[in-house]
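Let the hints inform the model, and build the full structure from the sequences given.
If you read the protein sequences in the order shown, they are chains A and B. Using my numbering, you'd call the opening residue of the first sequence number 766 and step up by one each time. Using my numbering, you'd call the opening residue of the second sequence number 12 and step up by one each time.
There could be a bad hint or two in this list.
Claimed, not checked - If you want the footprint, here are the derived chain A segments under chain B, 3+ residues with CB under 8 Å:
hint: 1; segment: 1140-1154
hint: 2; segment: 1198-1211
To be verified - Label-pair restraints from in silico Cβ distances:
hint: 3; chain 1: B; residue 1: R207; chain 2: A; residue 2: R1065; range: 55 to 65 Å
hint: 4; chain 1: A; residue 1: P1167; chain 2: B; residue 2: P190; range: 33 to 43 Å
hint: 5; chain 1: A; residue 1: L1132; chain 2: B; residue 2: D166; range: 54 to 64 Å
hint: 6; chain 1: A; residue 1: T770; chain 2: B; residue 2: I330; range: 36 to 46 Å
hint: 7; chain 1: B; residue 1: W334; chain 2: A; residue 2: D879; range: 44 to 54 Å
Keep in mind that the hints were calculated from the coordinates and are not lab data. Glycine included, each C-beta is placed from N, C-alpha and C at the ideal position.
Residue-level listing of the chains:
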Amino acid sequence: MLFFTVSYFLFFLCTLTCFYLSPVKLRTGLLLSASYFFYGSWNWKFIPLLLILTLVDYVAAIWIEDRQGAKRKWALIVSLVSNLGFLGVFKYYNFGASNIAALLGLPPDRFYYDIVLPLGISFHTFQSISYVVDVYRGEQNAIRRPLDYALYIAFFPQLVAGPIVRARNFFHDLDSWVAPNIEEIKHGAFLIVLGLAKKVALADNFAQVSDRYFSAVASQPGGAAAWGGVFAFAMQIYFDFSGYTDMAIGFALLLGFHFPVNFRQPYLAVSITDFWRRWHISLSSWLRDYLYIPLGGNRRGPWMTYRNLMLTMLLGGLWHGANWNFVLWGGYHGGLLSLERLSGQARQRERGWTPGDVLRAILTFMLVCVGWVFFRASSVHDAMLVVRRMLQMPRGRWPIEPALMVLTGFALIAAVSEDRLPLVEWVRRSPAWAVAGCLGTLLFVAEIFGVESNIPFVYFQF
Amino acid sequence: MHPGIKDTLQRHSAAWQFLRARERVALAKILSLALSTLVVLFLLDAAVFRSGFYARYLEPNSAAGFFESVFKAGLENRLKRPHGALVLGDSQIAEGFSAQLADQTGTGSGWEFVSAGVGGASLRNWYYMVRDLDPQRSRFDVVVLPLRGYADVDDGEIRADREPDIHWMIAHVRLADLPELSASFPTRDIRMQVLRESLFEGLVYRRDLREFLRNLPDRMRRVEWCRAGCADSMYAYPGRSEDLSGLRMDWATFTLQFPPHINAAVEAEMKGHCDFQNWAVRGVESAYRKEWLGRIVDRYRGTRTKILFVSLPYRPFPIPLSWPVDSHSFIVQVAKNPGVTIADEHLFEDLQRPGYFFDVFHMNRKGRELFSRRLAALVEENGARNGQ
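What follows is the structure, encoded as structure tokens:
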């Protein structure tokens, strides 16, 4: 059940109606059942895995809270080993096995097993880890009601591709649940429709261009084709993932839950540091809080800071997929972050634009695009080929059709003007009929620019 | 009851009521916002597509565009003679029947022919096409319905479940049609898709619209050009000159033997459509014919328009196999209706020859000439018998 399908909307409508009309005591169970149904609609065989991890972390957190000394640490270790163990087996076994085989001079598939990656495992394990670590640090109370904890892990709007929600925010909403007011309803509905439009009108169209390019890199020479293919992927991944996140936040908001913002116009960042404060914020803040800072952060001198940055980004890259391309992508960003810190260029832009900001934003976007090559290419060899072509003169035909560039232009204008005219604020303040008009128009754009095939969200593979 | 407990209960009850009311209000607001958004979407879609505004600029080379820009426009200047005959069909009629040749045959007899052969059109499409072409049910004296044989043979394709049908007839579908149209598709997913597409027509038109936006002036030029001259050039279209001479079918092994001049694409297409050993009467095609051809027959019941069923030359060789035609067959049942004539099934069988076809389905110029003249003669003869 993809967020943009009719079957998902029917499922959501049923869940929403039952949720609001059911007695308070039944609501957690109802949302949990709906969440397991949603997860099971993808592959019911992974529900036991989800249940096992839920149970382990639920018990571990209570154990940590109720015990003192070394026992607490052991409970934490058991929880971390379970989460990372499952993640390691399902996501990284074949990657590790093929590399070991290569080192031993054996065929790469010598130790290969056909393992299906459970949907959303990277997200819900990180969410579990943050909860157990927070309990260990004393920043979060252990949840005693098993259904509440199970819902935190399995809540369907964020189960398969985030955003990674911190326990304190989720349980605050759950414990003091209040029906959304009209501003929140308009906000939620707007995010759902905006996300849908981003996905079907923009991301899926860009996906066709980038898929065409990256599926046959060798046969499409020239800088224009390379930049076109990479630009298309940059747009695809942004509109796809931010569209998905917008929808997730919107669905949660209509159910009375508040998810964190996950994207803040990342392609308008004026440095790579700024980019990571705007791109997939729930992951980058997770990496900061549970990896970078525990490694020492920037507290142990510049070289340790660079090391920590590199390690965090390498692991962040590996989190995205078991592939050397992702490691290189992480390393590339780690290197850029270190360079920015070294040169004192780790700038941020908050409001307003100067000509220098514009130039820095363009340069940052181009650097991010170079990184996307490693993220998208099917092999390191292909990635290097594309990067070499991007350095050539951009001759040849630009592969993206004008209508799509016009739509992207509108999206850019909306993003740039967000500082002065925040769309969400406008939606929250406007009368319901105006919001309905705006949403209907957005849906109309999605209807006529949408592509026929159902292309799954990019981040579902992670 | 202790007054304190009573007071607490009342207070809790009031708070509970308040909360419940707030939740119900929230739900009502969510649902009303969702509904009004859908209404806005529907109105926008209707203004651009359902109004017929966009249909005027459809790609003339597409089936729907051909029907809108060429066929309907061309029809405005036709039917000047006392008797009109409409020949419905798909590409087999588009290639195999010439209204011009039929008109020449009927010169002096007062008959004029309209060929409504639209590539890819199905029996379901025919019904909606004929409804648009003849809204008063008085425009034609005869409507010719060509069939691929009178037995209700299932050849593996379930035509009732053909989702692309909606693309052919989107301009003819009205809101009132939606329940029966979507219900006519047996598969649930296709039914839902058709319902969605016929409710929000932009879903069907969007590919054409994107092509349009890609080269706006070129499309406008071609649409204008087509409006001015395509109908006439289609009317004068002579047919294709290639033929399949030398083609043989080995009926013992059901294999085709191709002459050297036939290209690989035609060969592959033929192999895919000549698996006669798998053809059988299973009831699916029968139900489909009864539903959609039955509607056309019902539409003209009690009018002066007669319905004439003919068996079309549909393969480039005679087929020595036969499938049962019994009391359950569509053709036997429809023959009972007044105003319906069934032509001899073998009337055009001699045209099933490699020399009269250019591919597995379509007659070439020679076949087209013969079929058109003979069909015209049949219509006239049938009309004369009916006092027309």
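Going down the list of hints, with the structure as the test:
no.: 1; hint: 1140-1154; result: violated (count 0)
no.: 2; hint: 1198-1211; result: holds (count 9)
no.: 3; hint: B:R207 x A:R1065: 55 to 65 Å; result: holds (59 Å)
no.: 4; hint: A:P1167 x B:P190: 33 to 43 Å; result: holds (40 Å)
no.: 5; hint: A:L1132 x B:D166: 54 to 64 Å; result: holds (59 Å)
no.: 6; hint: A:T770 x B:I330: 36 to 46 Å; result: holds (44 Å)
no.: 7; hint: B:W334 x A:D879: 44 to 54 Å; result: holds (47 Å)
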